[in-house]
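Asker: Single-letter residue listing:
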Amino acid sequence: QKEVEQDPGPLSVPEGAIVSLNCTYSNSAFQYFMWYRQYSRKGPELLMYTYSSGNKEDGRFTAQVDKSSKYISLFIRDSQPSDSATYLCASNTNAGKSTFGDGTTLTVKP
Amino acid sequence: EAGVAQSPRYKIIEKRQSVAFWCNPISGHATLYWYQQILGQGPKLLIQFQNNGVVDDSQLPKDRFSAERLKGVDSTLKIQPAKLEDSAVYLCASSLEGLGNYGYTFGSGTRLTVV
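Residue numbers (our numbering), protein chains in the order written: chain A, 229 to 338; chain B, 13 to 127.
FYI, nobody ran anything at the bench for these hints, they're computed from the structure.
Check each hint, because a few of them may be wrong.
Straight-line Cα separation of at most 30 Å, BS3-like style, residue types lysine-lysine; simulated pairs [stated by the list, open to error]:
| hint | chain 1 | residue 1 | chain 2 | residue 2 |
| --- | --- | --- | --- | --- |
| 1 | B | K56 | A | K284 |
| 2 | B | K83 | B | K56 |
| 3 | B | K56 | A | K295 |
| 4 | A | K230 | B | K83 |
| 5 | A | K295 | A | K337 |
| 6 | B | K95 | B | K74 |
| 7 | A | K295 | B | K95 |
| 8 | A | K337 | B | K95 |
| 9 | A | K298 | A | K230 |
| 10 | B | K95 | A | K230 |
| 11 | A | K298 | B | K27 |
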């Protein structure tokens with residue numbers, strides 16, 4: 229079993245929709261959680277990181293962590309065609325190295 | 013600030029040949045990572061450096077892969093000999109010392125095709 233499991237997708241939504249991207253993790257030592265966006269033929273780009281359970285908001289993006297159920301989510305409000313990409317969740321212990329999910333590919337249609 | 017630079021962008025080699033990838037991290041970033049990303053999968057850590065010392069190379073296939081970071085700045089990842097299953101994107105990332113838990117800055121990667 230992988231330590232970080234991500235809903236595989238792909239996901240296709242109309243412009244303006246609310247998008248929910250989800251991951252679960254199994255390693256209780258994970259304490260830090262990140263979301264990256266990866267455009268085709270580019271490296272991952274950090275969107276958000278969070279440490280504690282709860283919500284963290286940054287513009288149209290909200291990261292949610294529930295450590296009791298080992299569940300991580302990213303919500304995108306008012307989705308735009310430019311949000312079309314692969315989204316990767318990642319989790320760290322406190323050693324600075326990340327374990328990634330396999331990504332969810334999102335397409336936002338105009 | 014300038015990003016993480018990697019070269020080459022693409023490389024095609026035959027199996028059993030050798031190949032090397034180069035990475036220049038963001039200036040001042042003490043921690044450097046090499047990740048392997050196979051098509052359709054998430055990045056997998058190969059090696060983590062802190063300055064010019066290795067912190068974690070537990071997932072590096074040491075019979076064929078090697079990496080070094082001379083003078084704590086640039087890094088080189090080498091594969092010798094390459095196998096078909098090494099076809100992947102090799103990503104370099106860096107972070108400020110002690111801040112890797114808050115995310116990295118990745119380069120655009122080197123796409124390796126082994127034929």
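Asker: If any of the earlier hints don't hold here, list their numbers in rising order.
Answerer: 4, 5, 7, 8, 11
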